[in-house]
Amino acid sequence: AQTVTQSQPEMSVQEAETVTLSCTYDTSESDYYLFWYKQPPSRQMILVIRQEAYKQQNATENRFSVNFQKAAKSFSLKISDSQLGDAAMYFCAYRSPSGGSNYKLTFGKGTLLTVNP
Amino acid sequence: NAGVTQTPKFRILKIGQSMTLQCTQDMNHNYMYWYRQDPGMGLKLIYYSVGAGITDKGEVPNGYNVSRSTTEDFPLRLELAAPSQTSVYFCASSYSSGNTIYFGEGSWLTVV
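Sequences listed follow chains A and B, in order. Going by my numbering, 43 is the number at position 43 of the first sequence; the sequence numbering is gapless. Going by my numbering, 1067 is the number at position 67 of the second sequence; the sequence numbering is gapless.
Worth double-checking, as some hints may not be accurate.
Unchecked claim - Cross-link-like lysine-lysine pairs, in silico, DSS-like; alpha carbons within 27 Å at most:
1. B:1044 <-> B:1009
2. A:78 <-> B:1057
3. B:1044 <-> B:1014
4. A:109 <-> A:55
5. B:1057 <-> A:70
6. B:1044 <-> B:1057
7. A:109 <-> A:73
8. B:1057 <-> B:1009
9. A:73 <-> B:1009
10. A:109 <-> A:70
11. A:70 <-> B:1009
12. A:55 <-> A:73
13. A:109 <-> B:1009
14. A:78 <-> A:55
15. B:1014 <-> B:1057
16. A:109 <-> A:78
17. A:70 <-> A:55
18. A:70 <-> B:1014
As the list claims (entries may be wrong) - Over the 12 Å line for every Cβ pair with chain B, so calculated as not near, a few chain A residues:
19. 4
20. 6
21. 9
22. 12
23. 16
24. 20
25. 24
26. 27
27. 44
28. 46
29. 67
30. 76
31. 78
32. 82
33. 106
34. 115
To be verified - Label pairs and their in silico Cβ distance ranges:
35. A:114 <-> B:1052: 28 to 36 Å
36. A:7 <-> B:1018: 36 to 44 Å
37. A:47 <-> B:1110: 24 to 32 Å
38. A:56 <-> B:1099: 15 to 23 Å
39. A:69 <-> B:1079: 23 to 31 Å
40. A:15 <-> B:1077: 41 to 49 Å
Just so you know, the hints here were simulated from the structure itself, not pulled from any lab data. Computed from a prediction, not measured in an experiment: that's the story for all the values here. For every residue, glycine included, the Cβ atom is placed at its ideal position computed from N, Cα and C.
Use the sequences and the hints to build the structure in full.
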């Protein structure tokens, strides 16, 4: 079974600075999908960024980018020019493309990001 | 752009009561899911469906039932509510197994 580990329960960053959130995962599959979701205090789950394992190029979405290291099974999220609205719980998630219950997302326990003005 | 819509947003149940959480999506997605999120934890899959008429258990199905009579709707039934079912429930959908999963806004359920 796949597992996702987020080793940083909490992180803080100064407004306008850069912060990196860590995520590692364990899988025996060669093809899979990785996601970062943001959960603000409203508890809504908002997709931040997605990475397909077969793509070598790291995904980017505006101020958000990932460092995907397939061999190391590492998938970190970098937030540049941090804004107050970035404050939230961030979840790393893994998804297998194969069938059965592997359709599900496997989540890490989350990293709570605080942005200081 | 409605996306995934869940109702109710908040509900307090007494132990032993039953209720249904409603979920509907307007994106013509084949795959739908129910997750629960306990305090300080990530989400865990309760049930999922790959199409109308097809449902299957996830990681934590005990105490719940689902049905999928249409592509749009995927209600979650709680029978004989227990305090352990106090949680935030998320309905989600995706077009296929490889596509991004989109979440509803969550339903806060408290069982007292």
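Consistency of the hints with the structure:
1. B:1044 <-> B:1009: holds, 19 Å
2. A:78 <-> B:1057: Cα-Cα ~35 Å, so violated.
3. B:1044 <-> B:1014: Judged against 27 Å, a Cα distance of about 23 Å means the pair holds.
4. A:109 <-> A:55: holds, 26 Å
5. B:1057 <-> A:70: Measuring from Cα to Cα gives roughly 30 Å; hence the hint is violated.
6. B:1044 <-> B:1057: holds, 12 Å
7. A:109 <-> A:73: Holds - the C-alpha atoms of residue 73 (chain A) and residue 109 (chain A) are around 17 Å apart, at most 27 Å.
8. B:1057 <-> B:1009: The given pair, whose Cα atoms are some 24 Å apart, holds under the 27 Å limit.
9. A:73 <-> B:1009: violated, 37 Å
10. A:109 <-> A:70: Satisfied, since the Cα-Cα distance of roughly 21 Å is no more than 27 Å.
11. A:70 <-> B:1009: violated, 39 Å
12. A:55 <-> A:73: With Cα atoms ~14 Å apart, residue 55 (chain A) and residue 73 (chain A) stay inside 27 Å; holds.
13. A:109 <-> B:1009: Given that 27 Å is the threshold and the Cα spacing comes to 23 Å, the pair holds.
14. A:78 <-> A:55: holds, 18 Å
15. B:1014 <-> B:1057: Distance ~25 Å between residue 1014 (chain B) and residue 1057 (chain B) Cα, so the pair holds.
16. A:109 <-> A:78: The given pair, whose Cα atoms are some 18 Å apart, holds under the 27 Å limit.
17. A:70 <-> A:55: holds, 10 Å
18. A:70 <-> B:1014: Distance of about 48 Å is beyond 27 Å: violated.
19. 4: violated, 8 Å
20. 6: The claim breaks: residue 6 (chain A) does not keep its Cβ more than 12 Å from every Cβ of chain B (closest is about 9 Å).
21. 9: violated, 9 Å
22. 12: The assertion about residue 12 (chain A) holds, with a minimum of 18 Å to chain B.
23. 16: Correct as stated: the minimum Cβ-Cβ distance to chain B is 29 Å, above 12 Å.
24. 20: holds, 20 Å
25. 24: holds, 14 Å
26. 27: holds, 15 Å
27. 44: violated, 5 Å
28. 46: Violated, because the least Cβ-Cβ distance between residue 46 (chain A) and chain B comes to about 8 Å, which does not exceed 12 Å.
29. 67: holds, 20 Å
30. 76: holds, 17 Å
31. 78: Holds: least Cβ distance 20 Å, greater than 12 Å.
32. 82: holds, 23 Å
33. 106: Check fails; 8 Å does not lie beyond 12 Å.
34. 115: holds, 20 Å
35. A:114 <-> B:1052: 28 to 36 Å: Since residue 114 (chain A) and residue 1052 (chain B) have Cβ atoms about 44 Å apart, the given range 28 to 36 Å is violated.
36. A:7 <-> B:1018: 36 to 44 Å: Check passed, 40 Å falls within 36 to 44 Å.
37. A:47 <-> B:1110: 24 to 32 Å: holds, 28 Å
38. A:56 <-> B:1099: 15 to 23 Å: holds, 21 Å
39. A:69 <-> B:1079: 23 to 31 Å: Given about 45 Å between the Cβ atoms, the range is violated.
40. A:15 <-> B:1077: 41 to 49 Å: Between residue 15 (chain A) and residue 1077 (chain B), where Cβ atoms are some 45 Å apart, the hint holds.
In this structure, the hints that do not hold are numbers 2, 5, 9, 11, 18, 19, 20, 21, 27, 28, 33, 35, 39, in rising order.
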